[in-house]
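J.: Okay, here's what each chain looks like letter by letter:
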Amino acid sequence: GQNIDQPTEMTATEGAIVQINCTYQTSGFNGLFWYQQHAGEAPTFLSYNVLDGLEEKGRFSSFLSRSKGYSYLLLKELQMKDSASYLCAVGSGNTPLVFGKGTRLSVIA
Amino acid sequence: GAVVSQHPSWVICKSGTSVKIECRSLDFQATTMFWYRQFPKQSLMLMATSNEGSKATYEQGVEKDKFLINHASLTLSTLTVTSAHPEDSSFYICSAGELAGYNEQFFGPGTRLTVL
Numbered sequence: 001g002q003n004i005d006q007p008t009e010m011t012a013t014e015g016a017i018v019q020i021n022c023t024y025q026t027s028g029f030n031g032l033f034w035y036q037q038h039a040g041e042a043p044t045f046l047s048y049n050v051l052d053g054l055e056e057k058g059r060f061s062s063f064l065s066r067s068k069g070y071s072y073l074l075l076k077e078l079q080m081k082d083s084a085s086y087l088c089a090v091g092s093g094n095t096p097l098v099f100g101k102g103t104r105l106s107v108i109a
Numbered sequence: 110g111a112v113v114s115q116h117p118s119w120v121i122c123k124s125g126t127s128v129k130i131e132c133r134s135l136d137f138q139a140t141t142m143f144w145y146r147q148f149p150k151q152s153l154m155l156m157a158t159s160n161e162g163s164k165a166t167y168e169q170g171v172e173k174d175k176f177l178i179n180h181a182s183l184t185l186s187t188l189t190v191t192s193a194h195p196e197d198s199s200f201y202i203c204s205a206g207e208l209a210g211y212n213e214q215f216f217g218p219g220t221r222l223t224v225l
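Protein chains in written order, with the working numbering: chain Z, 1 to 109; chain L, 110 to 225.
Hints are computed from structural coordinates only; laboratory data are not their basis. Errors might be hidden in some of the hints.
Stated by the list, open to error - With a Cα cut of at most 20 Å, we get these calculated PhoX-like pairs of lysine-lysine:
1. L/175 to L/164
2. Z/57 to Z/81
3. L/175 to L/129
4. Z/81 to L/150
5. L/150 to Z/101
6. L/129 to L/173
With the hints as constraints, model all of the structure from the sequences given.
T.: Now the structure itself:
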């Protein structure tokens, strides 16, 4: 079966660091994606991990451990505009991406 | 980067009418496009996979006769909501992948449908 778990909601303070975890159990795997979605808008691509380790891209980093079925998205120097939903998704060949339910992040002053 | 457009961005229609939503890949060819529906504060729900030149693959629980999908070319897929009802009001999003077997998907901006 396909199962992706991530926390439903998180709150963090402006300027801080927040880590959003994602665990997955899928029948295949060829990559894990993180997307950001602001309310009323479509998701936008943030990162892609296919090998174990940390991928850094500016204030955002994403980590993958394939043996543990685990990933996290790390957001540094949080800004108010980072308040959004963050979607974890797993790809497995030619099948559609399997999305988690998303984590709603609220950044407060 | 790859760009996907959707038209219209929003539509209001009367109950019982049909609405067509277009999804276009602007700078790449997409053999496969995906249609999602999203209700407020809920996650993306995959409705169907649209395959160029063949029938769409619908997810369980999605009515094929109500949500008609046509993937007429490598750059265009359409979703027609037939005999729309207020419960069909939702945010409809399409996505497309650039390379077969590579799962990165590029999302269109979405279409907000309101059925009165």
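J.: State for each hint whether it applies.
T.: Okay, the hints, checked on the actual structure:
1. L/175 to L/164: holds (15 Å)
2. Z/57 to Z/81: holds (17 Å)
3. L/175 to L/129: holds (12 Å)
4. Z/81 to L/150: holds (18 Å)
5. L/150 to Z/101: Distance ~10 Å between residue 150 of chain L and residue 101 of chain Z Cα, so the pair holds.
6. L/129 to L/173: holds (15 Å)
Going down the numbered hints, you'll see the structure goes against none, and every one checks out.
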